[in-house]
Every structure is written in C-alpha cells, then in structure tokens.
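Student: Chains as they are written, first to last, in my numbering: chain A, 1 to 324; chain B, 1 to 316.
The set of hints was computed from the structure by calculation and includes no laboratory data. For every residue, glycine included, the Cβ atom is placed at its ideal position computed from N, Cα and C. Hints are not guaranteed to be accurate.
Said to hold, decoys possible - Label pairs and their in silico Cβ distance ranges:
| id | chain 1 | residue 1 | chain 2 | residue 2 | range |
| --- | --- | --- | --- | --- | --- |
| 1 | A | Glu299 | B | Leu300 | 56 to 62 Å |
| 2 | B | Asp33 | A | Asp64 | 43 to 49 Å |
| 3 | A | Tyr305 | B | Val170 | 51 to 57 Å |
| 4 | B | Leu85 | A | Gly162 | 53 to 59 Å |
Stated by the list, open to error - Chain A side only, calculated, beta carbon under 10 Å to chain B, not exhaustive:
| id | residue |
| --- | --- |
| 5 | Gly78 |
| 6 | Gln86 |
| 7 | Pro121 |
Next come the chains, spelled out residue by residue.
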Amino acid sequence: MKVQISSVRIIQHIGKISLLAGSLTLGLSGMAQAETFRIGITQNNVGVDSYQTTYEQAFKDAADETDNVETVVLDAGGDVARQISQVRDLIQQQVDVIIIWPTDGQAVVPAVKRAKEAGIPVVVTNSNIAEAGQPLIAAFSGPDNIKQGAYSAEMMCDQLGGKGEIVQITGQPGYTTAKERQKGFEDRLAEVCPDVKILDSQPGNWNREKAQRTMEDFLTSYDRIDGVYAGDDNMGVGALNAAKSEDRADEMIFIGATNFAVGYEAMARGEYHGSVYQSPAEDARNALETAIAVAQGKEVEKMSYFDTPKITRENMDEFEKPVF
Amino acid sequence: MNKLFASIKKQPIWIFVLACFVFFSFASPYFFDTGNFTNILVQASTIGLIALGMTFVMINGNIDLSVGATLALAASLAVGLQPELGITGAVLVGLLSGILIGALNGIIAWKTGVDAFIVTLGAMIGVRGLVFIYTGEESFYAQDLAYSDFGASEVFFIPVMAFIFIFMTVVSHLLLKYTIHGRNVFAVGGNRAAAKEAGIRVGPHMLFNFIFVGFMAALSGILLSTEMGASTPNLGRDYELWTITAVVLGGTRLTGGYGSIIGTLGGVLAIAILRNGMNLLQVPSFYVLIILGSILIIVLFIDKRFSEQQGQGVGA
Chain A
1 MKVQISSVRI
11 IQHIGKISLL
21 AGSLTLGLSG
31 MAQAETFRIG
41 ITQNNVGVDS
51 YQTTYEQAFK
61 DAADETDNVE
71 TVVLDAGGDV
81 ARQISQVRDL
91 IQQQVDVIII
101 WPTDGQAVVP
111 AVKRAKEAGI
121 PVVVTNSNIA
131 EAGQPLIAAF
141 SGPDNIKQGA
151 YSAEMMCDQL
161 GGKGEIVQIT
171 GQPGYTTAKE
181 RQKGFEDRLA
191 EVCPDVKILD
201 SQPGNWNREK
211 AQRTMEDFLT
221 SYDRIDGVYA
231 GDDNMGVGAL
241 NAAKSEDRAD
251 EMIFIGATNF
261 AVGYEAMARG
271 EYHGSVYQSP
281 AEDARNALET
291 AIAVAQGKEV
301 EKMSYFDTPK
311 ITRENMDEFE
321 KPVF
Chain B
1 MNKLFASIKK
11 QPIWIFVLAC
21 FVFFSFASPY
31 FFDTGNFTNI
41 LVQASTIGLI
51 ALGMTFVMIN
61 GNIDLSVGAT
71 LALAASLAVG
81 LQPELGITGA
91 VLVGLLSGIL
101 IGALNGIIAW
111 KTGVDAFIVT
121 LGAMIGVRGL
131 VFIYTGEESF
141 YAQDLAYSDF
151 GASEVFFIPV
161 MAFIFIFMTV
171 VSHLLLKYTI
181 HGRNVFAVGG
191 NRAAAKEAGI
201 RVGPHMLFNF
211 IFVGFMAALS
221 GILLSTEMGA
231 STPNLGRDYE
241 LWTITAVVLG
251 GTRLTGGYGS
261 IIGTLGGVLA
271 IAILRNGMNL
281 LQVPSFYVLI
291 ILGSILIIVL
301 FIDKRFSEQQ
311 GQGVGA
C-alpha cells in the first residue's frame with residue numbers, strides 16, 4: 001500500500017507540471033490570438049432522428065468556418081443525468097458559453113443555475129427550458145412556435161377560402177412547443193378567419209399512430225370536417241392516413257408544421273396542403289451565432305428566432321426535401 | 001513490491017484506473033483539479049451506489065436487473081408525493097419502494113426457486129410499467145427549491161452526493177469484509193449446498209442482499225432527482241447494465257463466490273473517469289462505449305488467466 005501512496009504523489013507532481021505547462025501554452029496562445037472563444041454544447045439525443053443528426057453536422061461545419069471559435073460538442077444521448085454531468089464537465093473546462101439542447105425543460109434548470117453561478121452564460125437551443133430557468137439563461141435560440149402556429153392559421157384560412165369547420169391535433173400535452181403552436185394558431189385564426197370554426201382539439205403526442213387514432217375519433221364524431229391542423233407533419237400525415245382509409249381525405253385541407261419528409265412527399269402528391277419549413281442547419285447556425293454574440297459580450301435578443309417560412313404546393317420547389 | 005503485484009493481480013481494474021488517471025492528467029489541462037475530482041465522484045455516485053449493493057447480490061451468485069426501474073420509481077415517488085407528504089415523507093416512501101421491490105425479488109427467488117435473472121427481469125419490465133402508470137409518462141418537478149438545493153449542497157467541502165457515495169462505500173466494505181453476514185456472502189456464492197449444510201439460512205440471507213440493493217437503487221434515484229429537482233419516467237434506463245459492468249470490471253465473478261467492494265469501486269471509477277476524461281477531450285460518447293466494451297473483455301481475460309493459475313474460488 002505504501003508504494004501505491006507514493007506513486008499517487010508522483011502522479012500529483014506530474015499532474016501539476018502538466019497543468020502548469022498547459023496553462024503556459026494557453027497563456028501563449030492567448031497572446032498570439034486575441035479572442036478565441038470556446039463554446040461547449042450538450043445536445044439532446046443525436047442518434048435518435050435525422051433532424052438532430054443534421055443539426056450536429058451543421059453545427060460543426062459552421063464552427064469550422066468561423067474564425068477564432070473552438071467548440072466542445074457533446075451529446076447526452078437523451079439521458080438527463082448524463083446531460084447534467086456534461087454541463088459539469090463543460091463548467092470544469094471553463095468554456096466561454098454553454099449551449100444546451102434540453103433533454104427535459106425543467107430537470108436541467110439546476111444545472112443551468114450551476115453554470116450561471118460559475119460565471120458561464122447559457123444559450124438554450126431548439127426547445128426552451130421551463131419558466132423557472134428563464135432568468136438564468138442568456139438567450140434562447142430556436143424556432144418561433146407562436147409564429148409557426150400563426151403561419152399555419154393563415155395557410156388554413158387561404159386554402160379554405162375563409163369558411164369552414166376544422167379539427168386540431170396538438171402535440172404532447174405540457175410541452176412548450178405544443179402549447180405555443182396551439183396558441184399561435186388559434187389566436188391568428190380568429191383574426192384572419194373568424195368564420196372558420198375549430199370543432200375540437202385533441203393531443204396526438206407528436207406521434208403518428210396516436211394522431212391517426214385521434215383523427216379516427218374525429219371522423220366518427222363529425223360528419224363534416226373541412227380542414228385538419230396538426231402540430232407537426234408527423235401527426236398531420238397520421239391524420240391524413242386515417243382520413244384516406246375512410247375515403248374522406250379529398251374533402252379536407254391538411255395543414256401541419258415542421259415539414260417532415262413524409263409531409264413533403266404527401267404534398268408533392270397533392271394530398272397535403274401546407275406546412276412550416278424548419279431547417280435543422282438554420283437551427284444550428286443560429287445557435288452558434290447567438291452563442292458567439294453572447295461570448296463577445298454583445299447585446300442579444302433574449303429570444304433569438306431563426307426564420308421558418310411557409311411551405312405549400314406552390315412554393316415547395318424552393319425547398320429541399322427534409323432529411324427527417 | 002510483491003504485495004503490490006499481488007494486489008494488482010487481484011484488482012486488474014485499478015491498473016486501468018491509474019493509467020486513465022495519468023493519461024487524462026497529461027492529455028487535458030482541466031482534468032487534474034480537485035474540482036474535477038469531486039465532479040468525477042458525483043458522476044460516479046449514481047451507478048456507484050447501486051454497484052455497491054449489486055456486489056453483494058452478485059457474489060451471492062445472483063443478479064438484479066430491476067435496479068434501473070427501481071431507481072426511476074423511487075425518484076418519481078420522492079418528487080411526485082411531495083405536495084401530499086412533504087419532502088421527508090415523500091423521500092421515505094421512495095426509499096421504502098426500493099426496499100419493497102428488493103424484498104419482493106428476494107422472496108420470489110427464494111420461495112419459488114426461479115433464477116434471480118428471470119425474477120428480476122420480470123421486475124425490471126413490470127416496475128418500469130408501474131413508473132409509466134404512476135407518472136402518466138410525464139416528468140415531475142419539485143416545487144420546493146429546498147429539494148434541489150440539497151443536491152447542490154456540500155458536506156466537508158465535497159458535494160453531498162460524493163460524500164454519501166464515499167460513506168456508503170466504506171460501510172459496504174466493512175459489512176462485506178468484517179461481519180458474519182459478509183463472510184456468508186462468499187460462502188453462499190462459493191457453494192450454496194455447502195453453505196446450507198454449514199447452517200447458513202441461505203434464503204433469508206439472499207433476501208437481505210436483494211433488499212440492500214433495492215434500497216441502494218432507491219437512494220441513488222432520489223439523490224439523482226435532487227440534482228435535477230425533478231424526476232423523469234425514463235430515468236435509469238440501461239443503468240442495470242452499467243452497474244453490472246462496473247461490478248464485473250471490479251473482478252466480481254458472475255458465477256458468484258468472489259469479489260470485493262474495492263474492486264467495484266475501481267470499476268465504477270473506471271467508467272466515470274473515462275466518461276469525464278473523454279468529455280474533457282471532447283471525444284464522442286460512442287467511443288467511450290467501444291473502449292469500455294474492450295476493457296470489460298480484457299479485464300475478464302486477465303482475471304480468468306490468474307484465477308486458473310491459482311485455482312482460488314473465494315477471496316475478498
């Protein structure tokens with residue numbers, strides 16, 4: 001045992017020397033290059049869908065193209081506990097800004113608090129964190145979901161010609177994105193199309209099968225449905241499938257959000273009528289730009305949104321087919 | 001020197017821990033730092049606490065696959081019941097749930113004679129279902145900030161989670177090495193029939209160990225939830241695999257009869273240091289999996305070589 005203890009001491013010495021050497025080189029490089037920012041990101045779950053995979057690649061590419069930016073790119077694999085560990089590790093590395101794509105909007109709040117207390121500003125990307133965390137973050141970078149809902153309302157209004165009865169399939173109950181899109185849609189619809197009536201709203205939990213069952217129930221309950229608004233295309237296509245199997249799809253207008261590949265294809269076939277185009281690459285670039293602005297100490301908008309345009313049959317040629 | 005060599009042969013994982021330690025100290029300027037060491041201990045504590053209990057069960061020749069689900073259930077109860085019972089009451093119910101699931105596993109394995117692997121596999125699936133029913137697939141949040149403040153607090157200048165982990169490691173080591181129960185753990189795992197002949201009440205003995213690991217899983221889950229101020233229904237997914245990996249890395253035999261808390265601590269630290277170091281060097285997390293998989297096989301290979309030479313079955 002004694003031998004082991006002394007070897008630990010040796011390692012401690014070595015460690016201190018390397019630490020000294022490390023800080024020396026860090027100091028030298030700091031002199032040579034005036035402002036190099038180190039930005040750490042902990043993502044939600046990169047492997048799980050191609051939106052997130054594309055996001056990561058776009059983030060790395062954007063960082064490579066930007067001068068004076070080093071990035072530490074981590075992935076929490078969907079595990080809240082691992083994301084919290086990663087925030088600890090990023091604090092330990094004293095990065096200039098931490099970008100977090102929350103695995104859970106509420107459970108990461110204490111970790112964000114820890115980062116702020118360590119003097120490291122946090123930028124939240126893609127989906128926002130809970131209300132309690134808002135005073136702790138430097139900025140949120142992502143899609144404007146209220147606006148997305150409003151866009152969908154405008155498209156619905158146009159395609160229905162200002163009149164009709166529609167149903168709404170919302171996202172996961174309790175999720176900010178779901179709530180915001182619903183609010184944006186309902187508020188804007190009342191403004192632009194007071195004669196379009198929402199018959200019913202039920203959750204589809206972002207899930208295609210669940211949305212299909214929800215739509216089946218709507219089809220049983222209502223003899224006349226002129227339009228369907230779904231909180232994303234995944235659910236929209238589920239609703240489309242339900243209507244098709246009852247041979248009632250032709251009489252309806254389908255509007256979604258977050259254009260998925262399946263929605264894009266259905267639109268090309270003329271079965272699906274409108275959506276909102278949300279590019280993961282734009283999402284990633286916006287997050288990096290926001291983080292750099294924060295690192296430079298610039299004034300940034302607390303809510304930094306990237307553009308998510310309307311996509312319909314008419315203009316779909318301008319957009320590449322989504323990878324997810 | 002001979003003694004050192006002997007202990008290294010017994011605990012090959014510590015060579016790896018030391019090697020990692022030296023490597024990362026050189027490779028990353030942020031690794032060698034007391035702040036980072038406590039980081040590693042906090043990160044190790046979740047898997048670590050369960051692994052301590054699992055060591056007892058595995059030396060017994062059993063296994064418990066339900067720990068990840070138990071962790072989630074305890075965390076959900078400890079957060080979800082706070083509005084009704086207050087923090088203390090909810091935490092106690094959470095701990096009790098772990099004890100109950102452990103007892104249930106132990107009693108079924110004891111009374112029916114069904115292999116613990118199957119019993120706890122059933123519990124793993126069933127308890128996870130229970131978590132989904134109880135939570136309605138939603139996360140719970142602690143309204144009282146005192147709950148998450150506990151997770152961020154410190155005892156003797158080290159984070160409370162790291163402190164509890166160290167404390168429980170010492171307790172487990174003493175329990176395994178210096179008590180009659182601890183001796184019996186090896187006896188039962190080494191040769192169950194002989195242990196029975198020798199007058200050890202094997203059933204209640206194993207029951208105790210299942211309760212112990214259930215309690216540790218619940219404790220681990222509750223501590224994790226204090227770090228987040230929340231619980232999520234998917235908490236602890238795959239943790240049974242990481243726990244078993246840590247214990248096996250530490251030299252405990254799947255067949256039972258051999259193992260130690262010191263070894264388990266080494267296994268837990270190996271995983272935690274690798275993850276932490278790789279994060280500091282920003283290596284994608286997939287590589288950690290490849291390295292850990294390889295190390296697992298190498299450690300078992302070394303272990304098999306030496307144990308065949310010595311022909312020993314029981315040790316601490």
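Student: Hint by hint, note whether the structure agrees.
Tutor: Going through the hints against the structure:
1. A/Glu299 to B/Leu300: 56 to 62 Å: holds, 57 Å
2. B/Asp33 to A/Asp64: 43 to 49 Å: Given about 29 Å between the Cβ atoms, the range is violated.
3. A/Tyr305 to B/Val170: 51 to 57 Å: The hint (51 to 57 Å, Cβ to Cβ) holds, given that A/Tyr305 and B/Val170 are roughly 53 Å apart.
4. B/Leu85 to A/Gly162: 53 to 59 Å: Since the Cβ atoms of B/Leu85 and A/Gly162 sit about 55 Å apart, the hinted range of 53 to 59 Å holds.
5. Gly78: The hint holds - A/Gly78 has a Cβ within 10 Å of chain B, the shortest such distance being about 7 Å.
6. Gln86: This interface hint holds because 6 Å falls under the 10 Å limit.
7. Pro121: Check failed: Cβ of A/Pro121 comes no nearer than 19 Å to chain B, outside 10 Å.
This entry does not satisfy hints 2, 7, going by the numbered hints stated previously.
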